[in-house]
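A.B. asks: Okay, here's what each chain looks like letter by letter:
There are 2 protein chains.
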Amino acid sequence: MEYRKIKDDDDEDASDVESLKGKSHTVASSNIALATLGTGGSTERINWKRKGVVTCALTILTSSQAILIVWSKRAGKYEYSVTTANFLVETLKCALSLLALTRIWKNEGVTDDNRLSTTYDEVKVFPIPAALYLFKNLLQYYIFAYVDAPGYQILKNLNIISTGVLYRIILKKKLSEIQWAGFILLCCGCTTAQLNSNSDRVLQTSLPGWIMAIVMALLSGFAGVYTEAIIKRRPSRNINVQNFWLYVFGMVFNAVAIVFQDFDAVANKGFFHGYSFITVLMILNHALSGIAVSMVMKYADNIVKVYSTSVAMLLTAVVSVFLFNFHLSLAFFLGSTVVSVSVYLHSAGKLL
Amino acid sequence: MEYRKIKDDDDEDASDVESLKGKSHTVASSNIALATLGTGGSTERINWKRKGVVTCALTILTSSQAILIVWSKRAGKYEYSVTTANFLVETLKCALSLLALTRIWKNEGVTDDNRLSTTYDEVKVFPIPAALYLFKNLLQYYIFAYVDAPGYQILKNLNIISTGVLYRIILKKKLSEIQWAGFILLCCGCTTAQLNSNSDRVLQTSLPGWIMAIVMALLSGFAGVYTEAIIKRRPSRNINVQNFWLYVFGMVFNAVAIVFQDFDAVANKGFFHGYSFITVLMILNHALSGIAVSMVMKYADNIVKVYSTSVAMLLTAVVSVFLFNFHLSLAFFLGSTVVSVSVYLHSAGKLL
Numbered sequence: 001m002e003y004r005k006i007k008d009d010d011d012e013d014a015s016d017v018e019s020l021k022g023k024s025h026t027v028a029s030s031n032i033a034l035a036t037l038g039t040g041g042s043t044e045r046i047n048w049k050r051k052g053v054v055t056c057a058l059t060i061l062t063s064s065q066a067i068l069i070v071w072s073k074r075a076g077k078y079e080y081s082v083t084t085a086n087f088l089v090e091t092l093k094c095a096l097s098l099l100a101l102t103r104i105w106k107n108e109g110v111t112d113d114n115r116l117s118t119t120y121d122e123v124k125v126f127p128i129p130a131a132l133y134l135f136k137n138l139l140q141y142y143i144f145a146y147v148d149a150p151g152y153q154i155l156k157n158l159n160i161i162s163t164g165v166l167y168r169i170i171l172k173k174k175l176s177e178i179q180w181a182g183f184i185l186l187c188c189g190c191t192t193a194q195l196n197s198n199s200d201r202v203l204q205t206s207l208p209g210w211i212m213a214i215v216m217a218l219l220s221g222f223a224g225v226y227t228e229a230i231i232k233r234r235p236s237r238n239i240n241v242q243n244f245w246l247y248v249f250g251m252v253f254n255a256v257a258i259v260f261q262d263f264d265a266v267a268n269k270g271f272f273h274g275y276s277f278i279t280v281l282m283i284l285n286h287a288l289s290g291i292a293v294s295m296v297m298k299y300a301d302n303i304v305k306v307y308s309t310s311v312a313m314l315l316t317a318v319v320s321v322f323l324f325n326f327h328l329s330l331a332f333f334l335g336s337t338v339v340s341v342s343v344y345l346h347s348a349g350k351l352l
Numbered sequence: 001m002e003y004r005k006i007k008d009d010d011d012e013d014a015s016d017v018e019s020l021k022g023k024s025h026t027v028a029s030s031n032i033a034l035a036t037l038g039t040g041g042s043t044e045r046i047n048w049k050r051k052g053v054v055t056c057a058l059t060i061l062t063s064s065q066a067i068l069i070v071w072s073k074r075a076g077k078y079e080y081s082v083t084t085a086n087f088l089v090e091t092l093k094c095a096l097s098l099l100a101l102t103r104i105w106k107n108e109g110v111t112d113d114n115r116l117s118t119t120y121d122e123v124k125v126f127p128i129p130a131a132l133y134l135f136k137n138l139l140q141y142y143i144f145a146y147v148d149a150p151g152y153q154i155l156k157n158l159n160i161i162s163t164g165v166l167y168r169i170i171l172k173k174k175l176s177e178i179q180w181a182g183f184i185l186l187c188c189g190c191t192t193a194q195l196n197s198n199s200d201r202v203l204q205t206s207l208p209g210w211i212m213a214i215v216m217a218l219l220s221g222f223a224g225v226y227t228e229a230i231i232k233r234r235p236s237r238n239i240n241v242q243n244f245w246l247y248v249f250g251m252v253f254n255a256v257a258i259v260f261q262d263f264d265a266v267a268n269k270g271f272f273h274g275y276s277f278i279t280v281l282m283i284l285n286h287a288l289s290g291i292a293v294s295m296v297m298k299y300a301d302n303i304v305k306v307y308s309t310s311v312a313m314l315l316t317a318v319v320s321v322f323l324f325n326f327h328l329s330l331a332f333f334l335g336s337t338v339v340s341v342s343v344y345l346h347s348a349g350k351l352l
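Sequence lines, in order, name chains A and B.
Quick note: the first sequence uses full-length UniProt numbering, first residue 1, plus one each step.
Quick note: the second sequence uses full-length UniProt numbering, first residue 1, plus one each step.
This is chain A alone, in the form it adopts within the complex (with noise of 0.2 Å):
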């Protein structure tokens, strides 16, 4: 479970990679964008090209992130303190968008769009996705008086309801009916790949229980609905910087987390306690999925980040059938067959 909160806290995130390696790719992208200014035929391709990079990305960083978490309980357990495992994941993200930004205020020199300084009036909205996901992190904590831990991992999946949901209220992007269905089917084919013999247990879940699920999973759709919403507000404000400051903040909360969680245990045994090599991996990996999410905002939304993910999810069992001799269920293999006719259905029924 522990690697959950960290996967939970940097849903909110930057695509520092992208102006690493993908600047010049910008500027080419921007001049094309000109030359065809008409037909605009290139120009499309290009973003297609780009968000299909960034979802693959994604796609193979988030079913990365499951295998390490299989292979790290192999290893053992890990003692470490998860709150500052957290705050170093958004620490390794800010620098990133600051290196990225470095070498953008070099070939570009500092503009309007891709200056670090800001104002009140941007900044506002910036902690707000840190703390929605703190406040779901704490209520993370109460979750599990009232359903256990295989019952919270199938209760997850109705973020991808939530988030539907709240994409088209909050974002106002129109999904097609084939779409809506798809939706249905991505959250109906996650679960039933999940299902074991113990899974009918959710369904005792008490009335607190599930309206707490409910809860947390608005609260993480929100999250990243309201992500999408600030990175898109100013279409050419360079994402690096708007990045920049969801990291800070997201490292502010998260050293609130450590004083108030793990104070004890940081100070008595030091903050990297318990650090190991696959602790290091898995924050390296954590912080480069959480510049994924962000592209994938950025470039596309969250209804592809949650397509990206699920099938992650999918790709990881059929990965560790080789890595760790896993055996797939029948549900897997129909819950398989359910998610990739939803993938089938979000393409065919692309509103014209």
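Quick caveat, the hints were computed from the structure, so don't treat them as lab data.
All the given hints hold, so there is nothing to weed out.
If you want the ones that stay clear, here's a sample from chain A, every Cβ over 12 Å from chain B, calculated:
| # | residue |
| --- | --- |
| 1 | Tyr-80 |
| 2 | Trp-105 |
| 3 | Gly-274 |
With beta-carbon atoms standing in for the labels, derived distance ranges:
| # | chain 1 | residue 1 | chain 2 | residue 2 | range |
| --- | --- | --- | --- | --- | --- |
| 4 | B | Phe-324 | A | Val-256 | 49 to 59 Å |
| 5 | A | Asp-148 | B | Phe-272 | 53 to 63 Å |
| 6 | B | Glu-44 | A | Ile-170 | 37 to 47 Å |
Which bits of chain A does chain B cover? Going by a derived footprint, with three or more residues having C-beta under 8 Å, they are:
| # | segment |
| --- | --- |
| 7 | 175-186 |
| 8 | 195-205 |
| 9 | 335-343 |
Treat the numbers as computed from the prediction; the structure is a model and nothing was measured.
Here a beta-carbon is modelled for each residue, glycine too, at the ideal position from N, C-alpha and C.
Put chain B on the given structure of chain A with help from the hints.
C.D. replies: Positioned in the frame of chain A, the structure of chain B alone reads:
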């Protein structure tokens, strides 16, 4: 398992009831058809209404069939010969067809379309569905060497896919891509709804078991699609005549089955040994659902039939909650949702 056999046998069926109670309706609808020649709106509405009525009838009859099976199991084991019950189902359907025809002859007189006498060219294809079902039922005895009964119930969902594929190949009717997606989901959803803790055993099925399951699915799908082809080949021919000949061959094949399988029991204990009130109810139900299947074949198609019987399976489970205090599993809810979405997709994905 025993009643399954009855069910499999009467997949080729009659719409006698339609004529018993719907004669005036048929006359009325042909009058309307003439009146609205050119616009066709009313005719279409009547066709849709008729399609809806027969589909609902099939759904309700099929679900009550399964409830009778549960009831009969609760009431204890019945020591009657299954082959004699199958034979009586065919006989009852044959009698109902004749009864419907006598009414038609009285109202309309004997015409080329409703006369009972037939040609070799017309009748030569009628034994084929009955023969296919017989062959499939024989295979059923052998497949249990490779698969257990719950596993067989799961593998039977392959029928859905085989029906879709053969419907496309033999009847050359097109489904849209969205409808194909719906059909795959229907298969996944039905299987998911039936999942239990032992379902994974079906994945250990050996190659001969898989081959037999696929052959059985193809035989069953082929018999269904072939029956539709026979019924629709001569559109003006009265369906009760077509059904009469189908059922005559059903009687013949089942008579042969009595001789080969239950000759001793029938000779020593009598034809009706072990019959009870519930046996009679089940025979009646099977005859009526057989008739409903035939009506669906005539006024709709095999795809609608598959959807109808699948939805019936889900309805049965829901009704069983109230009747027998069944507990519905999480898998059932997920499967039902997937089936519901697939029904929506079938209708939303219609080729225009």
